[in-house]
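S.K.: The primary structure of each chain is shown beneath.
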Amino acid sequence: MERFTVGIVVFPGSNCDRDVSWSLEACLDIKTKYLWHESSDLGDVDAIVLPGGFSYGDYLRCGAIARFSPLINALHDFVKSGRRVLGICNGFQILTESGFLPGALVANKNLNFICDDVELNVISSKGGWLNKEHQKKGIKLPIAHGEGRYHCDLDTLKKLIDNDLIAIRYRNNPNGSTFDIAGITNEQGNVFGLMPHPERACDEKIGGIDGLYTLKSLIRY
Amino acid sequence: MDQFSVKVFIRLRPSVLDPAGEATKSASSKLGVEGIKSLRIGKMIEVKIESETENEVREKIDLLCDRLFANTVIEDYEYSIETI
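Protein chains in written order, with this note's numbering: chain A, 21 to 241; chain B, 622 to 705.
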């Protein structure tokens with residue numbers, strides 16, 4: 021059997037692709053493959069990470085142009101097949117712009133680019149991206165974004181709550197996100213988008229290991 | 622084929638906080654301009670387009686606005702069309 025392979029999408033302007041590759045390959049011994057945004061052949065990857073960065077320079081809106089890449093086009097069938105997709109930071113913005121996840125990410129309330137470690141309450145383990153132990157204790161992950169304020173209308177928020185789609189919430193909301201939301205899943209649970217960076221919390225020496233579980237869960241299913 | 626000039630205005634929906642607008646409003650007071658009740662920042666996109674009819678232009682601009690220019694989760698749009 022072929023080794024489980026995680027595809028890491030590279031857009032012009034992605035800058036966390038190598039961090040994600042390091043966390044998966046070096047910390048978790050998971051095989052990865054870079055996927056250029058113009059590729060639409062996802063046949064030989066088993067899960068996909070949309071990494072952080074500034075795809076297409078964040079022109080128009082964060083994630084707005086990336087939505088029209090051949091790769092994102094092919095992602096619709098990939099998601100339908102039940103395979104797992106993790107969108108981190110700019111990856112989360114792309115997932116909302118493309119309609120894989122509801123809501124939108126807009127400029128932080130205080131307009132600052134925030135680079136910090138944040139405490140998160142784990143609300144749901146839907147999709148297995150996090151577990152019951154995390155729900156008890158919470159996790160700490162780094163954030164680094166200027167446009168990470170999650171926004172959605174009340175109907176959408178109700179749907180997120182009722183369907184257990186809110187995965188993580190900030191303990192001390194740093195950016196003004198609606199309902200302190202830091203990450204959500206789709207209804208099937210196979211797509212997870214979050215503003216914090218799990219790939220930057222995979223080694224005790226550089227910021228803890230609270231991100232390992234989520235990355236490892238790419239292959240758990 | 623006629624030539625049309627389209628001006629598209631994109632605004633944050635009223636329910637979406639506009640921190641950049643708030644900061645600019647605060648700077649306006651510091652400049653000494655009083656009486657500003659609200660200040661919100663949007664985008665304007667100018668498009669020059671060739672088409673058979675104005676209706677056809679509307680169809681194309683509606684598609685562009687819905688799918689690309691605006692994110693209707695957070696933004697509203699309106700536009701005006703002139704024949705060049």
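Please note: incorrect hints may appear among the correct ones.
[As the list claims (entries may be wrong)] Dumping the calculated PhoX-like pairs for lysine-lysine here, alpha-carbon to alpha-carbon at most 25 Å: (1) Lys-669(B) to Lys-646(B); (2) Lys-53(A) to Lys-129(A); (3) Lys-129(A) to Lys-664(B); (4) Lys-129(A) to Lys-658(B); (5) Lys-179(A) to Lys-129(A); (6) Lys-646(B) to Lys-129(A); (7) Lys-129(A) to Lys-146(A); (8) Lys-129(A) to Lys-669(B); (9) Lys-160(A) to Lys-225(A); (10) Lys-651(B) to Lys-669(B); (11) Lys-146(A) to Lys-100(A); (12) Lys-157(A) to Lys-100(A).
I should point out that these hints are in silico values taken from the structure, not numbers from a laboratory.
S.K.: Checking each numbered hint in turn, tell me which of them this model violates, lowest number first.
M.R.: 1, 2, 7, 8, 10 and 12
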